[in-house]
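Letter by letter, the chains look like this.
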Amino acid sequence: MKTFFKAIGNLFRKPVTIAYPEVKTYIPNDYRGLIGFDENLCIWCRRCEMVCPPGAIVFSQDMKGKQTYHFNRAVCIYCAECVRACPKEGAIYQTNEPAGFALKEENINNGWNSLFDEAIKSRAAYAAEKKRLAAEKAQTEKPGKSIAPGDEAASAENEK
Amino acid sequence: MGKQYEIPLGAQHISLLEPLHFKFTTENEKIISTDANVYYVHRGIEEACCTKFKFRQVSFVVGRVCGLCSISHSTAYSQVAEKLVNIEAPLRAKYLRMLVIELDRIHSHLLCLSHVAENAGFEALFMKTMQYREFSMEMLEAVCGNRIQYDFSIVGGVARDLKAEVAGMILQRLKTFLPQLDELVDIFQNNWTLSLKNKGAGAITREAAMRLNVVGPFARAAGLAIDVRNETEDLLPWKEVGFEMVTDTTGDVYARNMVRLRELYISIRIIRNIIASLPESALVTETKAFPDGEAVVRLEAPRGELFYYAKGNKTQMLERLKIKAPTFSNVAAMVEAFTGNEYGSAPAIIASYDPCLSCTSR
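In the order they appear, the protein sequences are chains A and B.
Using the working numbering, read the first sequence as starting at 2 and increasing by one per residue.
Using the working numbering, read the second sequence as starting at 9 and increasing by one per residue.
A few of these clues could be false.
[Stated by the list, open to error] The calculated lysine-lysine pairs, modelled on DSBU-like cross-linking and capped at a C-alpha distance of 30 Å, are: (1) A:Lys89 <-> B:Lys322; (2) B:Lys62 <-> A:Lys67; (3) B:Lys60 <-> A:Lys89; (4) A:Lys122 <-> A:Lys138; (5) A:Lys122 <-> B:Lys322; (6) B:Lys296 <-> A:Lys122; (7) B:Lys296 <-> A:Lys3; (8) A:Lys89 <-> A:Lys105; (9) B:Lys11 <-> B:Lys31; (10) B:Lys62 <-> A:Lys25; (11) B:Lys296 <-> B:Lys38; (12) B:Lys332 <-> A:Lys105; (13) A:Lys7 <-> B:Lys136; (14) A:Lys15 <-> B:Lys183; (15) A:Lys89 <-> B:Lys171; (16) B:Lys62 <-> A:Lys131.
[To be verified] Far from chain A, some chain B residues (derived; all Cβ distances over 10 Å): (17) Val46; (18) Phe61; (19) Glu126; (20) Arg168; (21) Lys171; (22) Glu344.
[To be verified] Just a few of them, taken from the derived set where beta-carbon distance is under 10 Å, the chain A residues facing chain B: (23) Lys3; (24) Thr4; (25) Val17; (26) Thr18; (27) Ile28; (28) Asp31; (29) Tyr32; (30) Gly34; (31) Leu35; (32) Val52; (33) Pro55; (34) Ile78; (35) Tyr79; (36) Cys80; (37) Ala81; (38) Asn108.
By construction, these hints were calculated from the structure, which means they are not laboratory data.
Backbone N, C-alpha and C fix where the C-beta goes; we use that ideal spot for every residue, glycine too.
In isolation and in its complexed conformation, chain A is listed as follows (with noise of 0.2 Å):
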């Protein structure tokens, strides 16, 4: 019966429902938002793609050595492990900022994937490539070390 009189009463009283757009929710100022990248202060130690756990972050690296940071807002899952992980403050940072709606010009799934492959793949070759010239600088400075072998075997044939 006490409902009932209750419900009664709610006709004379203000709705309690919000005007949405015009009275704003409460977001509080510290909501975890989009991930923010400073390049200038980035040491390239590529900690935060390590510890990421959906893998938003990775970079591409180009022939000369030099680093691309490249983010997806959709894969990213807003932990901030990225933030704990960096040793360099500031360099990667967390805003408070909603992360946008993607278009499907952005190709943001299967255009995410094969930016990823391609970051890996252009690592791998920059590492190959460091490799091969690390090997040939090695023979060309130590010229004497790699004619050395040849000489033990001729020596060997000639005492046979």
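Assemble the complex: chain A is given as a structure, and chain B must be docked to it using the hints.
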């Protein structure tokens, strides 16, 4: 003896939000036996945790097992991983974990109560309960930075600190919530319409609950004093912050509602105590060790005992992770408690079990 009919309910049904299937054998609208099938979904989370993700990343993965008890899963995993790498979380991190678990319990219990009201045909109470629940969602957003996926508990501690102004806001919002909770208790206790669907429906005896290993509010409503918060003290100091067991005797839908509502008072008390006595310490214990050996952790999620088992082999990847969700323990008793009830009250009874199938079938 009348004619018997088999009536299926689920896996997709208007009163069920979860992929759960019940097959009732009814006689003159009375349910005489029930068959349950829970595994309609499989997401392969346990396998993914052992093959795709490093052990530090797994706490974010298991947080996505369930939207309602996200913090319970990530805290339980963090604790089991801490055992594997032989560290202990700092005291402040433990208190903050308890704070978020209790805020989470408020929103989970209120969601369950609102569904009981809705499935019993009381739409207005559903709206009211959801309206009152909103404060806990906002407070969780203020503490963790997100409404649903908290990502709060990480291996070694917690990810974010509690700011003084957020703590003040929680206390203030709790003050406005208390009279609202009193109002809800009054409606759930005294409303005659609701009592028709709630009192005496879906009852389970204490003996049956004990035999069928029921956990959570389902067990406590039947008079079984089972609560992990009462049993373990080593991982989270529940008794320090004022935990108290809530039990009822009748074991029906009404008793479950009352247990949940009274637990909210305890949760509010715990939150107030935590904010009043938050110790100062670091937030995370750092370590470079890799998980090794086996460990087991139990934690009281809003629905009951959550169980985690993990095995490490000194690499970044875990060898095995096993999750046992509270709903899984309760399925046997769910089937039992339907017997003898009207088919018409089945939706309200299911809602009062508070089944969480996303936890159960991973």
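So, going through the hints one by one against the coordinates:
no. : hint                  : verdict
1   : A:Lys89 <-> B:Lys322  : holds (29 Å)
2   : B:Lys62 <-> A:Lys67   : holds (28 Å)
3   : B:Lys60 <-> A:Lys89   : holds (27 Å)
4   : A:Lys122 <-> A:Lys138 : holds (24 Å)
5   : A:Lys122 <-> B:Lys322 : holds (29 Å)
6   : B:Lys296 <-> A:Lys122 : holds (29 Å)
7   : B:Lys296 <-> A:Lys3   : violated (62 Å)
8   : A:Lys89 <-> A:Lys105  : violated (35 Å)
9   : B:Lys11 <-> B:Lys31   : holds (16 Å)
10  : B:Lys62 <-> A:Lys25   : violated (40 Å)
11  : B:Lys296 <-> B:Lys38  : violated (60 Å)
12  : B:Lys332 <-> A:Lys105 : violated (40 Å)
13  : A:Lys7 <-> B:Lys136   : holds (13 Å)
14  : A:Lys15 <-> B:Lys183  : holds (22 Å)
15  : A:Lys89 <-> B:Lys171  : holds (24 Å)
16  : B:Lys62 <-> A:Lys131  : holds (29 Å)
17  : Val46                 : holds (28 Å)
18  : Phe61                 : violated (6 Å)
19  : Glu126                : holds (16 Å)
20  : Arg168                : violated (8 Å)
21  : Lys171                : violated (8 Å)
22  : Glu344                : holds (33 Å)
23  : Lys3                  : holds (7 Å)
24  : Thr4                  : holds (6 Å)
25  : Val17                 : holds (6 Å)
26  : Thr18                 : holds (9 Å)
27  : Ile28                 : holds (8 Å)
28  : Asp31                 : holds (6 Å)
29  : Tyr32                 : holds (6 Å)
30  : Gly34                 : holds (8 Å)
31  : Leu35                 : violated (12 Å)
32  : Val52                 : holds (7 Å)
33  : Pro55                 : holds (8 Å)
34  : Ile78                 : holds (6 Å)
35  : Tyr79                 : holds (7 Å)
36  : Cys80                 : holds (4 Å)
37  : Ala81                 : holds (7 Å)
38  : Asn108                : violated (24 Å)
Checked against the numbered hints above, the structure breaks hints 7, 8, 10, 11, 12, 18, 20, 21, 31 and 38 and satisfies the rest.
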